[in-house]
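Asker: Here the structure of chain X is known, so what remains is to put chain V in place on it, guided by the hints.
Here the protein sequences come in this chain order: X and V. Residues are numbered in the working numbering as their position in the first sequence, beginning at 1, plus a constant of 16. Residues are numbered in the working numbering as their position in the second sequence, beginning at 1, plus a constant of 1.
Please note: incorrect hints may appear among the correct ones.
[Said to hold, decoys possible] From the structure, some residues in chain V lie toward chain X, with a derived Cβ separation under 8 Å: (1) Tyr32; (2) Gln64; (3) Pro75; (4) Arg258.
Derived by calculation from the structure, the hints in this document are not laboratory data. Glycine included, each C-beta is placed from N, C-alpha and C at the ideal position.
Listed below, chain by chain, are the residues.
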Amino acid sequence: MSKVLWKLTPEAFDSLLYSLHPDREHAGRLYENIRRKLLEFFEARGSAVPDEHADETFDRVMRRMAEGEKIENAASYCYGVAKFVWIEASRGRAKEPVELDANTSFQPHHQDGGDEIADAREAVERRLDCLENCLEQLADATRQFIIEYYRAEGGQKIEQRKQLAAQLNTTLNALRLRASRLRRELAKCTEVCVGRRGSGGRG
Amino acid sequence: MIADEFNEDVCERYILGELSDGDQEQFEAAYFSDDAFFEKYLAFKTELLDLYSRGQLPEEKRQKFEKHFLATAPRRQRAADAKEFISAVTAFGARLEPAAPVVKPTRLSIFQYLKGPALAWAVVLIAVLAGVWWLVSRKPQEPEVAHVQTQPSSPISQPTAIPERSPDGSMPPDQPVTVPSTEPVHNIPEAGRQPDVSRNIPPITTQTPARPAISVPAAAIALNLVATRGEGGGNTLTLYSDTPKAIIELPKAPIGRRQYSAVIQTLSGEVRWRSDRVKPAAGSGRLKLSLDAGSLKSGDYTVTVRTTPAANAEVIAEYYLRVERSTQKTPSSPK
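This is chain V alone, in the form it adopts within the complex:
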């Protein structure tokens, strides 16, 4: 029986739409009545989604998956969510990984090192190094060193010197390309002189001065059911020239609905704003519509809330809204 024990092959056929009607119902009845069965189904389905997201499904299975599983928007969204999740977790994990440990050489005590034949080799090495040092210290100073020190520093921004091409397009032979010095402009002392500290250029900081925050509050209104056109006062929203957003709050939504469809339209039926995914706020259950203030001109509107986006869907509630636009900027609140 399909429902006796969770079977991955059966589960896969259910996900790919390959079970007969009877087997499909048995499988569904099993997960409705058995939570452990349901958990195994969810875990398997997630695994299949992950394999698809990583491109690791065999070709035949991938085609079946795309044809059946991705046929509807909600399931396409699940596939997209799976891909996003894997990328995010992988990136998060990569950022947390410690840097490759530095392998420190095993330290030997000098006394351990000097035991046995190593001592003789150490003596020979020291003698050789001493001889090299003596020879080097006897060489006269190179005049180029002093010459370099008296040269003025070259600016960092000087372009690279590139030899010119001959009229026939050929490059002159043996012309090395010079690259300007990358030494900092300041603090290169001339020979025999102390560095001029007055010319020290302060280090460039990466911080830019913070711009003063300019925040213009959104215009908000809580709609009442009873206010109608002509009653004046209630359900009137004033938008100023610099108001960025309008927030329209509706009374508590019916219990049990996870989302609604809301539309704001003029009295002549012209739609100004719409959303098919308005969700009640956690706690209060009120519906909050947030929209660009620029989408509402002065005038009268209706705000209609339905169960679904379809035009003939049941209307949950309807409100009147009057918008008045002001050419002035938002007045500052009194201190």
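Looking at chain X on its own, in the form it has when it is part of the complex:
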């Protein structure tokens, strides 16, 4: 009972990366950037499974490249393909019964609720633990910046951020951009840490 269907080949993926940049590492970063944009696009359009739609978009782009199509601007091309993917997905979704939550994980019926709650709590603890480790790995000044940026509540927050911006000789907008980038780095670091600590294949 063996049935296998591989959709992509390593060569197709290599071609896509090479079209982004000859240097593979740089190409990988560009790939991740486009993927991030695709996720934002599909989420904004209301997709319940943006990861899958982003994968589907890349699949189609790679297939067209493998068929000989020349792509000048990969990001804009991916956006064009993504719009078609979304149109098809929307049509398909309109015909399906409404799901309450498309991303729930199924647990075996004989597991009691206590196990699920304990697992969920453990996962949260692991994530918070990893986030703290990642914060500790930051340079002192960077860590202090993140703490100060998110510290204040309510009306004090704006004042405190203005003071922080003045201290760092920058603008509020630049501060916001810096905080946003750092937060994404922390999220990546946390994800790697959680994966290393053996979340296994249960997702």
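Answerer: Coordinates of chain V only, in the frame set by chain X:
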């Protein structure tokens, strides 16, 4: 034009789903082609999420946000992540804050202090203190002090003495509630006697002896594609009575997928385990399924990997798995 320059109002309307179709496409085209535009969009969106998480959005905006932005599970997850992040960073920062500095009084050199009128006041004060000391030292010793010292120490666990109520429920007047002494039981010397060191109770330590670690290894198997039912040997997983977990490793996943759906079911179709978020391992790209060993009884199973959770989704790979349960405990590995 929407895409000429980043505008926060336009960005907010995009996030809340209020742009027309044409404007929406212009905005999206802008962030796909301009990385700086995209960064500003992400930063603004994160800020909006943070405001919502802190409950600081104006009411009308909050309602729009909940109606549109939180309509899908991925975005609800982003809101939850934002809340978790802020709480974690705030708590982390609070733990790092140094204790309030102790304000030490400015020390004055005695020579500085004794200059001028302060010298006269210091002399007067010393004289007054000396007089008080002389008076106190002339008082006879209170007999209660010696009496207290000969009393046996009261045990810490003695309950508080509470006066009894009268039958009509009223409390007797002027009955102070006595509280037992909180002095340690040991080392209260009787008058004139040395403390009995043999009765010294060692301090209670907060450390509890470490329990010896008892770890039973998980049962693991790497599945092959070619093994089928009846071939024997390959793809057989043995689970012992004390095996806590089963780890099933599948060959390298297709490139480009960030996650898959995997299901383990009996040959009659009964699902024993399922996950819609199986991610390839970094590096090897292999898929690893980790499940409670108790969910698999002896028998034959199929392990199916799909692109999405939907039942009619494309099947990436399918494997056969035989599980044999043993009533014995996991044999120890030879030294």
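Asker: Evaluate each hint against the coordinates.
Answerer: Each hint, compared with the structure:
1. Tyr32: 6 Å, holds
2. Gln64: 18 Å, violated
3. Pro75: 5 Å, holds
4. Arg258: 5 Å, holds
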